[in-house]
Amino acid sequence: MGMKLLLEKAHVEGIRHFEAYRREGGYRSVEKALKEMSPEAIVEEVKKSGLRGRGGAGFPAGMKWSFIAKPEGVPRHLVCNADESEPGTFKDRYLMEFLPHLLLEGLIVSSYALGSHATYIYIRGEYAWIATILETAIAEAKANGMLGNNILGSGFDCEIYVHRGAGAYICGEETALIESLEGKRGNPRIKPPFPAIQGVWMRPTVVNNVETLAAVVPIINMGGEEYAKIGVGKSTGTKLISACGNINKPGVYEIDMTISVEEFIYSDEYCGGIANGKRLKACIPGGSSVPILPANLLLKTAKGETRYMNYESLSDGGFASGSMMGSGGFIVLDEDQCIVKNTYTLARFYRHESCGQCSPCREGTGWMEKILWRLENGEGKETDIDLLWDIQRRIEGNTICPLGDAAAWPVAAAIRHFRDEFEWHVREPQEAKRRNYGLAHYADPIHVPVAG
Amino acid sequence: MSEQPLLTVTIDNITIQVPAGTSILQAARKVGGDVAPPAMCYYSKLEGSGGKCRTCLVEVSKGSEKDPRPMPKLVASCRTNVMDGMEVKNITSPRVTDARAGVVEFLLINHPLDCPICDQAGECHLQDLSYEHGKEGTRYEFQRRTFKQHDLGPYIQLHMTRCILCYRCVYTADQLTNKREHGILDRGDHSEIATLIEKSLENNFIGNVIDVCPVGALTDKTFRFKNRVWFLKPENAHRECPDCCGKVTLWNRGDEVFRVTARKDEWGEVESLADGSTAWICNTCRFEKKKSSDWVIEGPRKISRHSVISQGHYEGKVGTTVPTEIFSAVHGGRNPKLLMDIHSVSEVNRPEIQLSQIAGPSTGNDFTTGKD
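Residue numbers (our numbering), protein chains in the order written: chain U, 1297 to 1748; chain S, 3 to 374.
Hints listed in this document are in silico derivations from the structure and should not be mistaken for laboratory results. Don't take each hint at face value.
To be verified - To give a feel for the contact side, a few chain U residues facing chain S, derived at Cβ under 7 Å:
1. Trp1497
2. Pro1546
3. Gly1547
4. Gln1653
5. Cys1654
Predicted, not measured: the structure shown is a model, and the values here were computed from it. Every residue gets a Cβ at the ideal spot worked out from N, C-alpha and C, and that includes glycine.
Bound-form chain U, shown alone (with noise of 0.2 Å):
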């Protein structure tokens, strides 16, 4: 049985609200940071546990905290990224849903390190129900002081508010979602200058996803050093994952970073094998925008090592045989699945989402779009092939934001990994139609080359 730390309370009855969570030892880290704790010193907890960003770039979150700047009488934000709309992530909605306390809890902390009186929660439109359970939170917390002006005796007034979004993807890039809560339209900005100097209202401002944010209550409540002793390497703490796909159980999961894949994928604790016992084909191990992977470098690294479902293992080997650990969205894809539709499905989403803002992603995404569809369709060439990759090359790392990126990346791996199945949909179009194109080769052992 892995660790749990954000989860364990999960379904006691009642959680959801005030009493029961306060009784099953809730707010502890509220007291003790309030009570006990400079929030200089609650930083450098966070610095010395080595908690990585939970939203996808894995960036330590104490390193960003220490970055916000502290003019002389500017008001500080923080706000804390709910709008999750990757496809294929939903762990913040569970936790949201399940443990609302958990996120204000971590949100008053967070808010006394860094200053922030004003503290925002921007959770995306379709999760309606989601921001009345925070808002009911909110109010519980309000009521039984945990809110609002002086807190606990300790001189410090925090007020949290509920934003919701309109709906659109982008809105989780945070300078976006800074302009959206601004009540702007939702364009990333183009940085620098970066949010730690000017975010909301041109005000210093740390956004923090939902699960960094709890993640700080056991920090605060066992001491930053003890938190990074879990984990492996620079993969401290435990982090959730929300697998779906064509696997027995799906769900979110906590897991503490020291599993491998395939004990994630195969055993009963967690996903509990591939469903109808079918064979494992690829995997998109951290959200729609982390390349995809064959079933062979999924489990094994390209030097044949294990991989393991941390950060460092499942990007080894780059971009060329590995992938992201992302926002931990674990989507296992059977032999039955055809790749060129799932690229096709993902690129659909990504020009659906592109804000238009700046061009290579405006235009390359739907040009991507097509260009699949058309391969999908039977109506392929060889030379589609070569175009996307053309494609996909120029769009990333010319853009704004890393969405370009997240849309270029999915479409790169699947070429890069599953070239013959696309080329096998240009040259048996009718055949494609029908049948898809299987397991092939992809879960064989590869041949590595030692290099030199």
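Chain U is already provided as a structure; the job is to place chain S on it using the hints.
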């Protein structure tokens, strides 16, 4: 003026000094010539513009004197400020030329390429850009996107299919008028410029969106299909205007004034006045005053030889400005090898003559050897 420390920046092997706070693009424009990256969305007179079109991407091969690491990604030169000791590669970097060709291709895939019937043709930045940085063919084999027509009133014609979404008109309306009435609706490749509910744009300064539009998406309705810009002679003129500076360029054919625009500099931007403000003009000057008698004519306007509009102007030093030659500096003093020097092999040529400097159509007189 207080002394500002000057920063040293090297762009394509040419070193110049600029004040702090200058963007790479502005520094490159000081060098001039091909070193200046193209800019489709950036407009130095509009605050906050730039960063969107990605045509001005450059490679920073050395961050600064203090931190000499190169920047990993190509950066938008219009929104990146110069650091002391920075080294920038623009036309000398294959990465940049490749990325730029890609951006041009992206900008063109959904562009209707209806230049033959477009009023902007001849002074279109997208034409120049694709001519200079693009490839000849297209690899796009799908239907180009179309939009529902929107009517923006009696002055401004909107062709959404031609738009490259540079946001310049949005910033113009934000910064010149007291209430912006149009904006970007929708998102991604179906986003469009429009007023939310069909509305005509009638602010007295909204006509400037025509001048800032780099393509033919926003054109002058009073000039629509009247003439091609290269048949018109630009003349500087002014009048006493109660609303604006009144300094304009008239575009004439014979005595007839076909259109009135603001005065644009060599980067296609509206010029600055002596007091530092920008010479935006009001709708009255632009749309209503279309008689020569309304204006005090100052004389012919200099047009960059870079532009196709200059093709009708033979006046040499009067009508055109010669672009800066920077080839040898960029290539470290190496000059292109001449296959043949026309001056030394041709008998019908005066060695001292510059063909582009001949006043008026050339005659036999220009090509005599001067011996007789």
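Hint check results:
1. The restraint placing tryptophan 1497(U) at the interface with chain S is violated, with a minimum CB-CB distance near 16 Å, outside the 7 Å limit.
2. For proline 1546(U), the interface hint is violated, the least distance from its beta-carbon to any beta-carbon of chain S being 30 Å, above 7 Å.
3. Of the supplied interface hints, the one on glycine 1547(U) is violated, with its beta-carbon coming no nearer than about 32 Å to a beta-carbon of chain S, more than 7 Å.
4. The beta carbon of glutamine 1653(U) comes within 5 Å of a beta carbon in chain S, closer than 7 Å, and the hint placing it at the interface holds.
5. With 7 Å as the threshold, the beta carbon of cysteine 1654(U) comes within range of chain S, its nearest partner Cβ sitting at about 5 Å, so the hint holds.
Violated hints for the displayed structure, listed by number in ascending order: 1, 2, 3.
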